[in-house]
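Going by the numbering used here, the sequence shown opens with residue 355, and the numbers climb by one from there.
Quick caveat, the hints were computed from the structure, so don't treat them as lab data. Here the structure is a predicted model, which means the values were calculated and not measured. Idealized CB from N, CA, C, for every residue including glycine. The reader is advised that the hints may include incorrect statements.
Now the in silico label distances, taken between C-beta atoms and shown as ranges [stated by the list, open to error]:
| id | residue 1 | residue 2 | range |
| --- | --- | --- | --- |
| 1 | Leu370 | Glu425 | 26 to 36 Å |
| 2 | Thr398 | Glu437 | 13 to 23 Å |
| 3 | Val399 | Gln458 | 32 to 42 Å |
| 4 | Val399 | Ala367 | 16 to 26 Å |
| 5 | Pro373 | Glu404 | 31 to 41 Å |
| 6 | Glu442 | Glu409 | 13 to 23 Å |
| 7 | Val430 | Glu457 | 17 to 27 Å |
Derived EDC-like pairs (lysine to aspartate or glutamate); straight-line CA-CA distance at most 20 Å [to be verified]:
| id | residue 1 | residue 2 |
| --- | --- | --- |
| 8 | Lys448 | Glu437 |
| 9 | Lys360 | Glu409 |
| 10 | Lys360 | Asp417 |
| 11 | Lys448 | Glu412 |
| 12 | Lys448 | Glu425 |
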Amino acid sequence: MPDGVKLTPAELAAMLAEPGRPLVFLDVRPAEEAAREPSPFPNTVAIPLEELEFEWEELDEGDEIVILDREGYEAVRAVQFLERTGFERLWMLKGGLQAWAREQGGAP
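Throw the hints in and build the complete structure from the sequences for me.
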């Protein structure tokens, strides 16, 4: 996987600060975890990784999508799957939501 698709929390914070840059967030954590600890980002679509191959059509290939998970491991598999289905504008949060909480302190 090219390093270009990995965003540090600081890089994501900079992207969020850009006016007019619409981002869609894809939360691939298990449904129970996503419900218990919701994504801090607006415009989040929650599709657990194990359901992604059946529900990916909920996403728009033209969107710029940032994939979220707990620690960054499941996001790699989600990026690989979505690239195979034709998505090109994909990012993943390096270190997952745990890294975001550690470095950025919660909500954007």
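Next item on the list: Any hints from earlier that this structure breaks? Give me their numbers in increasing order, please.
Entry: 1, 3, 9, 11
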